[in-house]
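Required output: the full structure, derived from the provided sequences and hints.
Under full-length UniProt numbering, the first residue of the sequence shown is numbered 1, with each subsequent residue one higher.
Read the hints as simulated data drawn from the structure, not as lab findings.
Where a beta carbon is used, it is the ideal one built from N, C-alpha and C, also for glycine.
Do not rely on the hints blindly, as some may be mistaken.
Beta-carbon label-pair distances, calculated as ranges [claimed, not checked]: (1) Gln48 / Ala22: 26 to 34 Å; (2) Glu101 / Pro72: 13 to 21 Å; (3) Gln102 / Ala26: 35 to 43 Å; (4) Val124 / Pro72: 21 to 29 Å; (5) Trp69 / Arg23: 24 to 32 Å.
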Amino acid sequence: MSEQSFHLVCPHCQATNRVPAARLSAAPKCGKCGQPLLTASPHELNAQTANKVIQKNDVLTIVDFWASWCQPCIMMAPEFKSAASQLPQVVFAKVQTDKYEQAAAPYNIRSLPTMVAFRNGQEVARQSGALPSHQIIQWVQSLQS
1 MSEQSFHLVC
11 PHCQATNRVP
21 AARLSAAPKC
31 GKCGQPLLTA
41 SPHELNAQTA
51 NKVIQKNDVL
61 TIVDFWASWC
71 QPCIMMAPEF
81 KSAASQLPQV
91 VFAKVQTDKY
101 EQAAAPYNIR
111 SLPTMVAFRN
121 GQEVARQSGA
131 LPSHQIIQWV
141 QSLQS
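Written out as C-alpha cells, the structure reads:
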C-alpha cells in the first residue's frame, strides 16, 4: 500500500517534485534547487511557466489573471498576497494578461481581475472581480472541502 503523494512545480526552477501527502505541511523543498515548494506568497507566471504550473500541480492552485492598466487588479494585489500568506498549502500565482496574452488565452478570461482555481490541471472554479483577502480566503477554503 503506497502513501498518496502530490506533484508540485517549484516556483523557483520549475522542476516537478513528488511530495508525500504527509509532508505537505512540513515545508517541502525542491529536490533540484533546494528552495521551498510552498512559499505562502504568489509567484509570477509567464508564457513558459503558466501552463506547467497549472497542468502539473496536483494541489489547489489559485491563479490571478490581471493587467497593469486595471485599477481593481492593482487594488486587489495586496489582498491576494495577504490571502496567500494565510493559506500556505495552496499555490498562489499571477498571470499578467497584458504582458502574456498567450498564457491567459486558453482560459477564456473575459474580465479582470479573475481568479481561477485549478486542481490536477482542471479548472474547478472561478471568481471575477476584486475581493478583499478575507473573501478570497473564504472562497479558497470552500474549494478545499
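So, going through the hints one by one against the coordinates:
1. With their beta carbons about 32 Å apart, glutamine 48 and alanine 22 fall inside the hinted range of 26 to 34 Å.
2. The hinted range of 13 to 21 Å is satisfied by glutamate 101 and proline 72, whose Cβ atoms lie roughly 19 Å apart.
3. Remark: the range hint 35 to 43 Å for glutamine 102 to alanine 26 is upheld by a beta-carbon distance near 36 Å.
4. Evaluation of the 21 to 29 Å hint for valine 124 and proline 72 yields a pass: the beta carbon distance comes to about 23 Å.
5. Restraint check, tryptophan 69 to arginine 23: a C-beta distance of roughly 41 Å breaks the suggested window 24 to 32 Å.
Checked against the numbered hints above, the structure breaks only hint 5 and satisfies the rest.
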